[in-house]
Amino acid sequence: MISVGLVMLQGARHDHISSLNEASRDLGLEIEIIEIRKLSELTSTDPDAIVIPGGESTTMRKTGQDKSSMLIPGMFDWIRDNPSKPVLGTCAGAILLADPQDGNPPLVEAQIDRNAYGPQYESFQATVRSSLLGREFPGIFIRAPKFISSENEVCATMGKEIVGVKNGRVIALTFHPELSSDKGFHRWLLESVCGE
Amino acid sequence: MSGTLDLTKMRYGTELLKRGFAKMQEGGVVMDVVTPEEAHIAEDAGAVSVMALERVPADIRAMGGVARMSHPTMIKEIMETTSIPVMAKARIGHEGEARVLESLGVDMIDESEVLTPADPFFHIPKKDFTIPFVCGCTNLGEAIRRISEGAAMIRTKGEAGTGNVVSAVQHASLVAGEIKHIQSADEQERDDMVDIIMQGYRRMNDASEFNLTLENLPDGDTPFGTMGEVKEDVESVLDEVARIGRLPVVTFSAGGIATPADAALMMNRGMDGIFVGSGIFKSSDPSLTAEAIVLATHHFNDPDVVAEACSLVGEAMPGLEIETLDVRLEERGW
Chain A
2 MISVGLVMLQ GARHDHISSL NEASRDLGLE IEIIEIRKLS ELTSTDPDAI VIPGGESTTM
62 RKTGQDKSSM LIPGMFDWIR DNPSKPVLGT CAGAILLADP QDGNPPLVEA QIDRNAYGPQ
122 YESFQATVRS SLLGREFPGI FIRAPKFISS ENEVCATMGK EIVGVKNGRV IALTFHPELS
182 SDKGFHRWLL ESVCGE
Chain B
432 MSGTLDLTKM RYGTELLKRG FAKMQEGGVV MDVVTPEEAH IAEDAGAVSV MALERVPADI
492 RAMGGVARMS HPTMIKEIME TTSIPVMAKA RIGHEGEARV LESLGVDMID ESEVLTPADP
552 FFHIPKKDFT IPFVCGCTNL GEAIRRISEG AAMIRTKGEA GTGNVVSAVQ HASLVAGEIK
612 HIQSADEQER DDMVDIIMQG YRRMNDASEF NLTLENLPDG DTPFGTMGEV KEDVESVLDE
672 VARIGRLPVV TFSAGGIATP ADAALMMNRG MDGIFVGSGI FKSSDPSLTA EAIVLATHHF
732 NDPDVVAEAC SLVGEAMPGL EIETLDVRLE ERGW
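Here the protein sequences come in this chain order: A and B.
Each number in our numbering comes from the position in the first sequence (counting from 1) with 1 added on.
Each number in our numbering comes from the position in the second sequence (counting from 1) with 431 added on.
In case anyone wonders, no lab produced these hints; they're calculated from the structure.
Some hints here could point you the wrong way.
Claimed, not checked - Derived coverage of chain B by chain A (criterion: at least 3 residues anywhere in the stretch with Cβ under 8 Å from a Cβ of chain A; other residues may be distant):
id: 1; stretch: 441-450
id: 2; stretch: 474-484
id: 3; stretch: 511-525
id: 4; stretch: 554-567
id: 5; stretch: 620-632
id: 6; stretch: 726-734
id: 7; stretch: 744-753
Predicted model, so just to flag it, every value in this text is computed and none were measured.
Note that CB positions come from ideal geometry on N, CA and C, so glycine has one too.
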């Protein structure tokens with residue numbers, strides 16, 4: 002049984018849950034998804050992997066830093082202390098990983114620009130090329146951030162733009178794989194728990 | 432955008448992107464604001480979006496008169512002030528206002544009963560727009576009509592500007608109960624439900640002094656296409672609801688939510704998030720009230736934290752009994 006912590010600061014949850022369930026069925030793995038709103042829920046359950054969904058990073062920093070939650074910065078320390086555990090951050094989740102604002106090194110070393118494409122009418126779908134998956138992937142970009150540069154491995158690109166960065170087992174994507182019918186990145190997360 | 436991208440392969444304004452935007456609001460609080468200063472307070476308090484409008488519902492209720500879309504200058508100022516998404520309200524059926532809002536670049540349009548309706552027969556054909564819409568509902572049929580017209584997000588209507596949560600609870604309970612009903616319905620019952628939902632598109636028939644029957648007009652008889660096409664869309668949404676056991680779009684609660692406990696109540700009833708109108712900027716300390724409602728929405732399932740959120744706030748906005756109202760906003764739209 003693989004346990005996956007779903008960080009519930011704010012943002013799309015239902016689609017990450019259904020994506021994880023579908024990926025686990027594809028792989029024939031049993032998983033348990035744990036909803037995490039507080040640091041105590043993360044440390045007491047100590048999941049095998051975590052997903053940080055997107056939403057609004059300003060809201061997520063607020064709900065995460067509240068003293069009832071303390072997930073921020075505690076979640077970042079947990080990731081640093083558990084380098085073997087895979088992490089998937091999407092959209093605003095990627096912003097938190099690249100810019101944790103806790104005085105410590107970022108979880109992925111990359112410059113990220115928030116809401117870089119403009120308002121909702123500039124949100125778009127476009128094909129992404131992923132070196133991690135070794136193939137193309139349908140990219141869904143919603144008021145997305147943009148990586149300006151990366152010190153880490155680039156694991157997804159769109160044209161010449163960096164849209165995915167990988168640092169060890171931490172992956173930050175500026176798009177929303179959970180909204181796509183392709184579960185490649187969620188499969189990667191579960192497969193990474195199992196070794197490689 | 433970078434010139435190296437193949438722009439011909441990029442797609443904008445798809446159903447997936449519209450519904451996806453709404454999904455990014457999950458677990459959040461959308462706050463009504465009437466000035467850039469209020470937008471700033473809302474963002475600092477953790478709002479997931481702001482709703483730009485001319486007057487909060489409590490003031491619309493008190494002042495009376497025709498309530499319209501906000502002034503473009505004000506909406507632009509709010510958009511310049513805040514980094515979170517900006518939504519704005521258009522009148523029911525007022526495609527003209529909706530096009531102005533789209534041109535201003537707001538992130539989502541609320542086709543709202545809080546404003547004075549512009550079209551007594553039809554809502555806005557929302558599929559024709561690049562940006563997504565949120566619409567109110569009082570029951571499942573109304574929600575299905577709006578989704579089949581292209582709404583990417585649904586909210587309960589509640590009774591705005593009252594600080595009274597009873598109507599929001601009523602609407603949420605009806606939608607939930609009616610979804611269970613449709614899941615257990617046989618084919619005949621399901622067809623009857625479709626017919627009842629379609630009645631909402633025959634208001635012009637009812638108003639005409641001749642025997643006007645939309646079904647008999649050649650084409651383009653509704654803003655959404657022919658009545659046959661509308662029926663197909665309604666059936667497809669209804670069947671999806673029956674299959675998945677919930678609305679196929681993000682569903683928020685709105686209308687009368689005034690305290691952190693109100694927000695927690697609605698989240699515990701299965702809502703995906705909260706709209707707060709007059710409840711914040713009509714309270715004694717808007718900044719604290721806003722923070723407390725965000726906290727209670729986030730930790731809705733932990734009564735200790737909701738209690739802490741309730742202790743943070745001072746006096747809530749004054750409330751109104753539904754029975755004493757001159758105008759029931761929930762009755763606008765159908």
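Q. Among the hints numbered above, which are violated by the structure, and what are their numbers in rising order?
A. Those not satisfied are hints 5 and 7.
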